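S.K.: One-letter residues, chain by chain:
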Amino acid sequence: MVKAKDLTDKEYLYGHKACPGCGLGTIGRLTLKILGERTIVTLPASCMSTVTTQYPQMNYTVPSLTMAFAGTGAVLTGMAAGLKAQGITDVNVLGFAGDGGTADIGLQALSGAVERGDNIFYICYDNEAYMNTGVQRSSLTPIGAATTDSPSGTASFGESKPKKNMFEIMIAHRIPYAATASSAYPYDLMNKVEKAKNIQGPKYIHIMCPCPTGWGFASDLTVEIGKLAVETGMWYLAEYENGKVKMSHVPKTLKPVEEYLSRQKRFRHLNPETIKLIQENRDREWALIKEKWLQVC
Amino acid sequence: MDFLNGDEAVAYGAKLCRPHVIPVYPITPQTIVVERIADFVANKLMDCEYIHVESEHSAMCAAMGASLVGARAFTATSSQGLAYMHEMLHYVSGSRFPIVMMNANRTLAAPWNIFGDQRDSLSQRDTGWIQVYVENGQEALDMIIQAYAIAEDDRVYTPVMVNLDGFVNTHTYELVDIPEQHEVDQFLPPLRSKNAIDFNHPRSFCISAATEWNMEFRYQQYEAMENAKQVIVEVDKRFGDKFGRYYHGLVEEYRCEDAEVVLVALGSAIGTSRIVVDKLREQGLKVGLVKLRFYRPFPAEYFKALSKRVKAVGVIDRDLSFGYEGAVASDIKSALNSAGSPPKVINFIAGIAGRDITKENIEGMYHKLFNLSQGKFEKELQFTGLRW
Amino acid sequence: MAKPQIVKFKFPESLKEMPLGPSAEAGILTEPNAGWRVQRPVLDHSKCSRCLMCWVLCPEGVIDKQNEKLEIDMNYCKGCGLCAHECPKDAITMVNEGE
Chain A
1 MVKAKDLTDK
11 EYLYGHKACP
21 GCGLGTIGRL
31 TLKILGERTI
41 VTLPASCMST
51 VTTQYPQMNY
61 TVPSLTMAFA
71 GTGAVLTGMA
81 AGLKAQGITD
91 VNVLGFAGDG
101 GTADIGLQAL
111 SGAVERGDNI
121 FYICYDNEAY
131 MNTGVQRSSL
141 TPIGAATTDS
151 PSGTASFGES
161 KPKKNMFEIM
171 IAHRIPYAAT
181 ASSAYPYDLM
191 NKVEKAKNIQ
201 GPKYIHIMCP
211 CPTGWGFASD
221 LTVEIGKLAV
231 ETGMWYLAEY
241 ENGKVKMSHV
251 PKTLKPVEEY
261 LSRQKRFRHL
271 NPETIKLIQE
281 NRDREWALIK
291 EKWLQVC
Chain B
1 MDFLNGDEAV
11 AYGAKLCRPH
21 VIPVYPITPQ
31 TIVVERIADF
41 VANKLMDCEY
51 IHVESEHSAM
61 CAAMGASLVG
71 ARAFTATSSQ
81 GLAYMHEMLH
91 YVSGSRFPIV
101 MMNANRTLAA
111 PWNIFGDQRD
121 SLSQRDTGWI
131 QVYVENGQEA
141 LDMIIQAYAI
151 AEDDRVYTPV
161 MVNLDGFVNT
171 HTYELVDIPE
181 QHEVDQFLPP
191 LRSKNAIDFN
201 HPRSFCISAA
211 TEWNMEFRYQ
221 QYEAMENAKQ
231 VIVEVDKRFG
241 DKFGRYYHGL
251 VEEYRCEDAE
261 VVLVALGSAI
271 GTSRIVVDKL
281 REQGLKVGLV
291 KLRFYRPFPA
301 EYFKALSKRV
311 KAVGVIDRDL
321 SFGYEGAVAS
331 DIKSALNSAG
341 SPPKVINFIA
351 GIAGRDITKE
361 NIEGMYHKLF
371 NLSQGKFEKE
381 LQFTGLRW
Chain C
1 MAKPQIVKFK
11 FPESLKEMPL
21 GPSAEAGILT
31 EPNAGWRVQR
41 PVLDHSKCSR
51 CLMCWVLCPE
61 GVIDKQNEKL
71 EIDMNYCKGC
81 GLCAHECPKD
91 AITMVNEGE
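Chains as they are written, first to last, in my numbering: chain A, 1 to 297; chain B, 1 to 388; chain C, 1 to 99.
There's no promise every hint is true.
Residues from chain C that face chain A, not an exhaustive set, calculated with beta carbons under 8 Å [stated by the list, open to error]: (1) F9; (2) A24; (3) A26; (4) L29; (5) T30; (6) A34; (7) E60; (8) G61; (9) G81; (10) L82; (11) E86.
Worth flagging that the hints you see were computed from the coordinates, not collected in a lab. Quick caveat, the model's predicted, so the values are computed rather than measured. Cβ atoms here follow ideal geometry from the backbone N, Cα and C, with glycine treated the same way.
Please put together the full structure from these sequences, using the hints given.
M.R.: So this is what it looks like as structure tokens:
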């Protein structure tokens with residue numbers, strides 16, 4: 001179990017230009033503290049790369065590579081292979097990709113890397129849209145969210161398709177380790193990174209990263225919104241290891257989704273009918289979760 | 001001497017260079033390279049990380065990742081695959097990683113066809129890769145080795161593409177001499193990359209360079225390509241001194257000393273043309289042949305000098321830049337024209353999608369060039385071997 | 001040094017000084033983010049229990065736990081207010097800049 005007082009004082013990600021309150025800063029800092037100095041980070045086109053590598057200001061203190069949008073999984077493969085071929089065994093290769101670079105354009109490379117069983121660490125920080133280019137929807141944008149290219153209007157209630165389940169896609173690959181986490185639950189996140197770091201093979205952690213700018217809430221509410229996502233069942237914290245899923249946190253009762261939706265500008269336009277639809281979707285997902293993973297029928 | 005096809009020659013060439021990482025995706029007609037290398041790895045004849053990537057784009061991404069950590073990377077592809085990795089070609093050359101890639105020249109769909117022309121690589125001309133076009137299996141093997149020597153030279157650090165004509169080169173069996181491993185080791189030492197991560201001096205790679213600095217990085221890339229012209233010649237000489245085979249650098253002339261008309265071509269067409277040149281010379285016709293080996297960096301100075309020596313130039317283009325003419329012809333014409341009162345040029349569009357360029361075709365081309373040099377009319381752009 | 005410091009960056013003055021390819025030294029900071037702030041955090045040490053929740057959560061990493069009393073690097077605090085909002089002891093208050 002990770003304890004804050006034992007973590008290093010060194011900051012491996014510092015002084016970046018992310019929006020105030022953005023979850024990615026917390027995710028980046030904490031992950032690197034656990035993985036340590038001998039880590040090479042690869043970043044596709046995303047918020048994470050844009051805010052950290054504007055010449056000459058370089059906010060990572062570990063070596064990093066900014067890459068083409070689609071290639072994170074493949075670059076990780078190449079780095080792992082290059083290190084192995086040279087007999088270097090004590091270096092972590094870590095990819096920080098957003099939801100677009102993981103579930104959309106990056107899905108092929110990720111699937112390939114996981115299928116090959118390369119020794120890589122893949123983190124998807126999920127802010128549920130292409131935030132870097134101005135809040136356009138991705139396949140991980142939840143139903144009802146208004147984005148700039150799936151706006152609400154007289155003929156639309158925003159994003160009309162449900163969020164793709166990357167956790168289950170990774171499980172289908174029989175990956176050695178997969179987990180979901182949130183920047184609002186930092187200790188849960190750190191414990192998962194700590195556990196994954198000692199596993200050989202591909203590791204995937206999908207971290208919900210609330211975005212004050214894109215989701216529309218005040219910068220000091222990042223953790224509160226992140227917690228509401230879990231408490232309303234819109235996001236769940238779980239781990240997959242050795243063929244079994246273990247839920248890290250199951251709320252006793254799921255709060256009404258409205259409590260989560262009403263706090264964010266991207267959902268403000270929703271009418272009661274759509275909110276009911278969203279709640280029904282959530283209930284359906286949780287019925288499946290209970291059946292599959294909690295042995296509750 | 002071994003009896004190998006072009007793809008196999010490339011596989012042996014790659015084996016001799018001891019790459020650390022080979023991420024590669026199969027596509028006809030490069031598949032034999034992939035298979036032969038897999039064979040070597042499966043029988044411990046090659047000590048490298050062989051990666052079954054799931055696409056060509058990922059192949060280049062993985063090669064870049066490997067190069068970043070200081071490993072020597074090799075990959076191979078063709079037509080659709082080359083097009084698929086297009087954005088990565090820019091990425092790799094812009095980041096200055098010394099990756100070597102073999103490309104089996106094959107036409108690009110649509111219409112779909114697996115046979116050889118040079119539309120795939122010629123249309124990647126501006127991606128910043130050094131491009132060499134080989135004539136036969138021996139040259140293919142030799143150029144893989146030379147490609148690493150060129151790419152990894154301190155003055156260059158630019159990736160190199162070695163092109164073989166699909167099927168004509170890749171699948172034709174010829175006698176090829178495979179150099180001894182210890183001799184290649186002496187010629188090509190292990191890579192000590194100057195452009196790789198170092199935990200003692202951590203760096204961020206492929207950073208965003210804003211408008212204020214971007215052009216300076218491009219200028220650096222431009223200079224490296226210009227330096228490559230010199231390095232290519234040096235490596236060629238060093239290779240010839242060691243292994244006994246010289247390829248004459250960026251351009252090779254065949255019987256051009258007193259030629260009145262010359263044909264320029266890339267790749268396997270040169271082999272056929274040599275025979276035609278010999279035949280026409282016996283008939284007393286003053287014909288010559290120019291083998292354009294390196295398309296980038298382009299030997300503009302050579303063509304500028306050539307323009308003073310000949311009356312007409314024919315350029316065989318196994319491609320066509322729709323809306324204008326063959327890409328090679330455009331580049332050659334502009335170099336010839338820079339001298340003032342240049343020779344006339346006919347651009348022959350030939351050998352598209354595997355259509356044979358026959359000896360008769362080539363003889364016909366020379367006769368047309370003579371027409372042109374005698375003031376008769378010839379169309380500037382001609383399709384060779386078209387049905388109607 | 002635990003955190004990178006602001007340095008006066010020396011830009012290349014000729015082609016020879018350019019790095020090989022578009023790369024740059026990691027961990028270089030050339031300007032503060034302080035100008036982003038509208039509010040700044042003020043920490044009341046008498047209330048602070050050193051639970052380190054603020055240190056863990058801060059997206060910028062500006063809270064320093066090396067000494068007995070927690071310190072905040074005002075060069076890089078963006079004033080997001082997350083620390084104040086999450087502190088279990090209400091030891092941090094957000095105060096308008098200029099007050």
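S.K.: Would you list, in rising numerical order, the hints stated earlier that this structure does not obey?
M.R.: Violated hint (a single one): 6; every other hint is consistent with the structure.
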